[in-house]
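**Student:** Go by the hints and put chain B onto chain A.
Chains as they are written, first to last, in our numbering: chain A, 3 to 765; chain B, 637 to 788.
I should point out that these hints are in silico values taken from the structure, not numbers from a laboratory.
Because the structure is a prediction, the values reported are computed rather than measured.
Each hint should be verified, as a subset may be incorrect.
[What the hints assert, rightly or not] Anything over 10 Å on all C-beta distances counts as not near chain B; from chain A, calculated:
(1) 30
(2) 103
(3) 129
(4) 136
(5) 141
(6) 461
(7) 605
(8) 614
(9) 623
(10) 722
[Said to hold, decoys possible] The list that follows gives simulated cross-link-like pairs (lysine-lysine, DSS-like), each with its CA atoms no further than 27 Å apart:
(11) B:645 / B:748
(12) A:274 / A:419
(13) B:646 / A:248
(14) A:232 / B:785
(15) A:651 / B:756
(16) A:235 / B:786
[Stated by the list, open to error] Restraint ranges, calculated between C-beta atoms of paired labels, are given here:
(17) A:178 / B:715: 44 to 52 Å
(18) A:622 / B:760: 19 to 27 Å
(19) A:622 / B:752: 20 to 28 Å
(20) B:647 / A:339: 50 to 58 Å
(21) B:715 / A:339: 55 to 63 Å
Just so you know, even glycine gets a beta-carbon here, dropped at the ideal spot from N, CA and C.
Each chain, letter by letter, is given below.
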Amino acid sequence: MLTRRTFLIGGLGVAGAAGALVVGWSALPLRQRLVGSAPLPVQGAEVPLNGWVKVSSDNSVTVMMCKAEMGQGIYTGAAMLLADEMDADWTQVKVQQSPIDKIYNNLDNIVGDLPFRPDDHSVFEELTVWMLRKASRDFVGTMITGGSTSINDLWQPMREAGASARMMLCGAAAEQWHVPVGECRAENSRVLHPSGRSASFGELAELAGQQSLQTHVVLKTPAQFRLIGKPVKRIDGPSKLDGSAKFGIDALPDGLLYASVLMCPTLGGTLKDCDDSVARALPGVVKVLKVDAYNGGTGGVAVIAENVFIAMYALDAVAALGIEWNHGAAADVSDSDVVRSLTDALEHSEGHAYYSRGDVDGALGTAARVVSAEYRAPYLAHAPLEPMNCTVQVTDDGAKVWVSTQVPALARKQVAKVLHMDTDKVEVQVLLLGGGFGRRLEVDYVSQAAAIASEADGRPVQTIWSRPQDMTHDFYRPACVSRFRAGLNRAGELVAWRNLSASQSAVAASLKRNYGIPDPLCDRTTVEGAFDQPYEWPNLRVAQTTVELPVPVGFWRSVGHSHQAFFVESFMDELAAAAGKDPVEFRAGLLEHHPRHLAVLRRAAVLSNWGRPLARAPDGAACARGIALHEAFGSIVAQVAEVSIGANKTVCVRRVVCVVDCGTPVNPNLIRQQVEGGIVFGLSAALYEAITIDHGQVQQQYYSDFPIVHMDDCPVIDTDIMSSEGEPQGVGEIATPPIAAAVANAIFALTGQRLRTLPLQLA
Amino acid sequence: MLTLDINGKKVMVKSDPATPLLWVLRCELGMTGTKFGCGIGVCGACTVHLDGAAQVSCLAVISTLGNSRITTIEGLGGAEAVALKAAWSNIDVVQCGYCQSAQLMAASALLKQKPTPSDKDINDAMSNVVCRCGTYPRIRAAIHEAARKKTG
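Just chain A, same shape as in the assembly:
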């Protein structure tokens, strides 16, 4: 008989065994990332040497690319890592999108979302990171291009794959020449022997493929790098100058039909009823159908037609007859409700403290001077230039998907779910992304396209959103309100800082809609940029309170940093002014124990001639400088903006000096590109962008009412990269956060107006 006691003991035994398994699993080293679970696809004479590289008899070296190219230059940067260790001739290197496999899972993405400060090197932090990296490799991870993690994630495995391939090529040469392998070395896609013998990688390819896999490799020292550290030009450059580059929207499989969708104008709504009689009768229209809401998106009506123009025209015909919608929960929400919800949360909650130190209330009570401020940021759309689109062909055998996405494995899984198929029946072809910025971390448009294509009798269908559909059905950067209260002592030193912000949680929303995972109760991205900065003073508390609203929110380039950097670095400037100190010196005083940050700050001051008189703008207007320092994605950035005020109180940003410390600069050319692009992206938000909501409906539709920086308002950008031999860190998002604060601080210096709401508008 099973007694309560034996049951308990049995239960403990099971739990103990499970616990032992977990302990055992976590003690094992990280599972290899060198070879995937299936052989690589090959063409012609290509020979795979591991899961990351193929060599062909024509001497080409094909690097398998597990990251999406969305402008950040990862095709080039990641291929350099492998090619350098392989000693491959860069001119022979090609890139091919990799299949979906666990060896390509991003191990750093989830780690980047852990609520640890960069200076936390505790045993708990290290153990958690270790466990999560292992788990990402084995269970919870996915292929993902995001979070500025690509170079960091690939730094080890792609160099190891290159070194391993080089050893196999050397092994092949040694076998052919009957010499010890240790006497062979590789250089510029050839293996060389001191005897003078040499052979090209192409000549050795076949024999190299028969060598045993080399798993113990010795990586180069920085002094031995030949590509890493060089301003190598983009490998995808030429194809983008003659129109031959293929983006998602350029997938044109035979027999292609096109679809366009009109979704409920209220976010999250669905179609109730519509009259499609006129649309169906139009020449070229194949089908009019209802589409559900997928992955946190919105439902609506779709037209499948012979070309895009007919599909869009037919949708207008449907709309002209009036459409009945189920508007859903968002219909009750307008901007004023959002602001009220956020400020109410600030009034009634202490929030979750992500970092606290000392006795804030005590220090505020005894401070010589207390400064308070409230800052605000609006919802923002990603608005990549290539609108959401996805091409799908559904046949009896399975489905094929052509898409520009940052998450191919998730896309495959969701398509399989929509089509009630096994995942392995779905093939995903990732094409170039015409901008991502976080929008293509979502799969609403992919699932929707699969559902539409399933109605096309086996013909492939490309579903393309119009610009208004793209703008009004995004997953927006959360709106945020943040309050600060800080104390200065008699010497003007910062002694206390209390900060509480309120916003929605993008991580919670994304986990729910895309992975079916419940609310993690804590979301680092809501408060990154506020709790994790290097400045030190005795007493602080940085907290966040999460508000639920029926507005879909997501990951917008630099995520929480995008607004928190504006808040923190603007308020820091307010404190410097209150203390009567120079903004650079005030910050420097808080960085005594952070030499890297201090060096970046000082360098930006030197390069911008900080403190020296500034010439007038060409229109004769006075100019002033503003500075901001920010750490994000492992990199440190300081920016100085030079600003004047033009006609009609427009803010003119003349020049931006930007200094970055991003660890080893893998490719200074790409880093400069990302700094320039990140600044322009952030400047559009600083000066112009805002998504406003009226009864659940987004009010902006085009770049005309959601303006971005153009050629004529783009500043001169001077970038300086600190030399470093540290591990390379993210660069794709780092330049976006500080620019709004640098500009706002310059406006304050110029006009005395402290602007605390984005976008920045002078009174």
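**Tutor:** Here is chain B on its own, set in the frame of chain A:
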């Protein structure tokens, strides 16, 4: 059926005459170098040349084009284009690349008209084509370099 003059060739197209050139290029002719961005002429991603002038193709209804010489990125040639592509490559302008066909179309029309454009000329000619990646500083530098090398 309409006949269009595209990249120096007469091309018969069967799309409805009310169709904008953009969709004829992309959907009927499979010429995907010209990109869709907004459909109302505010982003400039679909810029082509009509008789040598930069124009958005999303608003150019084919029935109105008559004998206009249409040039797309696939057929862009001439000394200006060669100089611009060399400068684009030398300065490594592109990021995502989605707008770059249009940037090159706009820039080559500019150089044809003004061989040594000022910054203001560049602002006037290029501010109709948006780049969400923010390649503007490099585009400006590349236009200046192309002008210098071509005339120098």
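**Student:** Next step is simple, just say for each hint if it's right about the structure.
**Tutor:** For each hint, the structure was consulted:
Residue placement check: residue 30 of chain A keeps its beta carbon more than 10 Å from all beta carbons of chain B (closest about 40 Å). At the 10 Å boundary, the C-beta of residue 103 of chain A stays outside the reach of chain B, the nearest C-beta of that chain being 25 Å off. With 10 Å as the threshold on Cβ separation, the claim that residue 129 of chain A sits away from chain B holds: the shortest Cβ distance comes to roughly 38 Å. Residue placement check: residue 136 of chain A keeps its beta carbon more than 10 Å from all beta carbons of chain B (closest about 33 Å).
The claim that residue 141 of chain A is not at the interface with chain B holds, since no C-beta of that chain comes within 10 Å of its own (minimum 32 Å). Non-interface call for residue 461 of chain A relative to chain B: holds, since the shortest CB-CB distance, roughly 14 Å, exceeds 10 Å. Against the 10 Å criterion, residue 605 of chain A stays outside the reach of chain B, whose nearest CB is about 20 Å from its own CB. Residue placement check: residue 614 of chain A keeps its beta carbon more than 10 Å from all beta carbons of chain B (closest about 24 Å).
Every beta carbon of chain B lies more than 10 Å from that of residue 623 of chain A, the smallest distance being close to 17 Å; the non-interface claim holds. Even its closest Cβ contact with chain B, about 15 Å, leaves residue 722 of chain A beyond 10 Å, as expected for a residue assigned away from the interface. A distance of roughly 22 Å separates the Cα atoms of residue 645 of chain B and residue 748 of chain B; the hinted pair therefore holds under the 27 Å criterion. Under the criterion of a C-alpha separation no larger than 27 Å, the hint pairing residue 274 of chain A with residue 419 of chain A is consistent with the structure, at around 24 Å.
Taken as a hint, the residue 646 of chain B and residue 248 of chain A pair is honoured in the structure, with Cα atoms around 26 Å apart against an allowance of 27 Å. Pair hint residue 232 of chain A plus residue 785 of chain B holds up; C-alpha atoms about 26 Å apart against a cutoff of 27 Å. Our distance criterion of 27 Å between C-alpha atoms is met by residue 651 of chain A and residue 756 of chain B, whose separation comes to about 21 Å. Taking the CA atoms of residue 235 of chain A and residue 786 of chain B, the gap is about 22 Å. The hint holds against a cut of 27 Å.
At about 50 Å, the CB distance of residue 178 of chain A to residue 715 of chain B agrees with the hint of 44 to 52 Å. For the hinted restraint 19 to 27 Å between residue 622 of chain A and residue 760 of chain B, the CB-CB distance of approximately 21 Å keeps it satisfied. At roughly 26 Å, the beta-carbon separation of residue 622 of chain A and residue 752 of chain B lies within the given 20 to 28 Å, and the hint holds. At roughly 54 Å, the beta-carbon separation of residue 647 of chain B and residue 339 of chain A lies within the given 50 to 58 Å, and the hint holds.
For the pair residue 715 of chain B and residue 339 of chain A, the supplied restraint of 55 to 63 Å holds, since their beta-carbon distance comes to about 59 Å.
Checked against the numbered hints above, the structure violates none of them.
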